[in-house]
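Residue numbers (our numbering): 142 to 576.
Honestly, the hints are just simulated from the structure, not real lab data.
Restraint ranges, calculated between C-beta atoms of paired labels, are given here:
| id | residue 1 | residue 2 | range |
| --- | --- | --- | --- |
| 1 | G324 | E175 | 21 to 29 Å |
| 2 | G168 | D438 | 40 to 48 Å |
| 3 | R375 | A329 | 21 to 29 Å |
Predicted, not measured: the structure shown is a model, and the values here were computed from it. A virtual CB, placed ideally from N, CA and C, is assigned to each residue, including glycine.
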Amino acid sequence: MTTATSGPTTGAPGQTPTGPFAPPSPGLPLRGREHETARALRALRFVAGGGSALVAVEGPSGSGKTRFLDECVALARRLGYPVCHRSPLLAATDAPATGTAGGPALVVLDDVHLLGEEVGDALLARCRPRYGGSVAWLVARRTGAGPGRLDALLAGSAGHTERITLDALRAPASLQVAADILGAPASAPLARVLDGAGGHPGLLVELVRGMREEHLVRVEGHQALLVEERIPQRVRELLHGMLRDQPGEYRQLLRVAAVLGRETTVDDLLPVLRVPPSALLLLLDRAASTGMLAVGDTRVRFPNELLRQVVADSVPAPLRHALRRQAAAARSADGPAAPPAGPRPTEPPDLNGQEHLIVRMIAEGLTNKQIARRLDISPHTVNYHLKKLFRKAGVNSRIALLRETGWHERPGGSAEGGPLVRPGQGPFEGGGHGQ
Numbered sequence: 142m143t144t145a146t147s148g149p150t151t152g153a154p155g156q157t158p159t160g161p162f163a164p165p166s167p168g169l170p171l172r173g174r175e176h177e178t179a180r181a182l183r184a185l186r187f188v189a190g191g192g193s194a195l196v197a198v199e200g201p202s203g204s205g206k207t208r209f210l211d212e213c214v215a216l217a218r219r220l221g222y223p224v225c226h227r228s229p230l231l232a233a234t235d236a237p238a239t240g241t242a243g244g245p246a247l248v249v250l251d252d253v254h255l256l257g258e259e260v261g262d263a264l265l266a267r268c269r270p271r272y273g274g275s276v277a278w279l280v281a282r283r284t285g286a287g288p289g290r291l292d293a294l295l296a297g298s299a300g301h302t303e304r305i306t307l308d309a310l311r312a313p314a315s316l317q318v319a320a321d322i323l324g325a326p327a328s329a330p331l332a333r334v335l336d337g338a339g340g341h342p343g344l345l346v347e348l349v350r351g352m353r354e355e356h357l358v359r360v361e362g363h364q365a366l367l368v369e370e371r372i373p374q375r376v377r378e379l380l381h382g383m384l385r386d387q388p389g390e391y392r393q394l395l396r397v398a399a400v401l402g403r404e405t406t407v408d409d410l411l412p413v414l415r416v417p418p419s420a421l422l423l424l425l426d427r428a429a430s431t432g433m434l435a436v437g438d439t440r441v442r443f444p445n446e447l448l449r450q451v452v453a454d455s456v457p458a459p460l461r462h463a464l465r466r467q468a469a470a471a472r473s474a475d476g477p478a479a480p481p482a483g484p485r486p487t488e489p490p491d492l493n494g495q496e497h498l499i500v501r502m503i504a505e506g507l508t509n510k511q512i513a514r515r516l517d518i519s520p521h522t523v524n525y526h527l528k529k530l531f532r533k534a535g536v537n538s539r540i541a542l543l544r545e546t547g548w549h550e551r552p553g554g555s556a557e558g559g560p561l562v563r564p565g566q567g568p569f570e571g572g573g574h575g576q
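Between the sequences and the hints, there should be enough to build the whole structure, so can you do that?
Listed below in structure tokens is the structure:
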């Protein structure tokens, strides 16, 4: 028998049963999860053959865990699992009796992290002996959260085990999701805007829905075209709400990191946040588990530019400038003095959306003709923007431009800007470039 348990209707005290992201539209296909689906299918087939399996599905809020569970239930049906829905908060002994003699069972527990440690542990402890042999456990939780017993079961299960992490979608899958919602594939300028969601499924869906609601896109012929580059209000409200829900120290980390750029360093954060390294380590662990920041050995990076822009925008402009000056002063105090490079503006230059993209492509080593092809503009227009950037930064060469905007500090060939970049109007906040 398959027992597909829906998400909890009530959670631990003080917790919200549902996440901030709206569920995907019914009927939309699951995109970009072929490898993960194959692993779940392997576990279901193992149980159908008489074994037992535990599949733990993990990911940050909005990564599509519930949608993935729905896909797994559909796979189980196709394999001949009978299905019965019930609430996971019911006692395991209250579950319906096994139907077909010797048939496999599927127990699906969604949003286990909302149950709280004690409730979740008790539920898993009571369910496991209830079903015994031929059972597939499918449990979803947020990364780094949920009952401790789940980790013990994953480590000590005698049957088939899978830990499936739902990471960001790759660009082709993201564009498929957008095409499913809009009814047509995205044009190149629209695809560039959608790339700002960083492959985060929930944020991507909200961005596409918001742009459609505010008529920022239109379908013409067989293609979805960009009408205006602007962050939809529903996306701003969503991300501001997520930021408000975070503890004060964590919210401060996100704001400071967003102001210092798409990518910054631990050495830049420590003097600005004025916290000991041990405290910053805990904050970075939380940021990595929620998916809001990607944390390396020394670098901290926002996986998607859309989130960074909205978070940075929540900081008043005078404070943004002060934070950047503070980080720059700390770097100067810690390192050797750099050789003079001629007159330098008192602040890093503001870059609008088009200029930001051009500087990024210069950092990638592209020529004017290559930039023109990528942006679908003429080389003459690229040259015009480049001269304008030189005047704005007070320089006369590409290398000097990268130095003034901080892009020369990118690590390991990354094209992301360093902490000196002073974001102005980003690719979602521009002056309405039509397409």
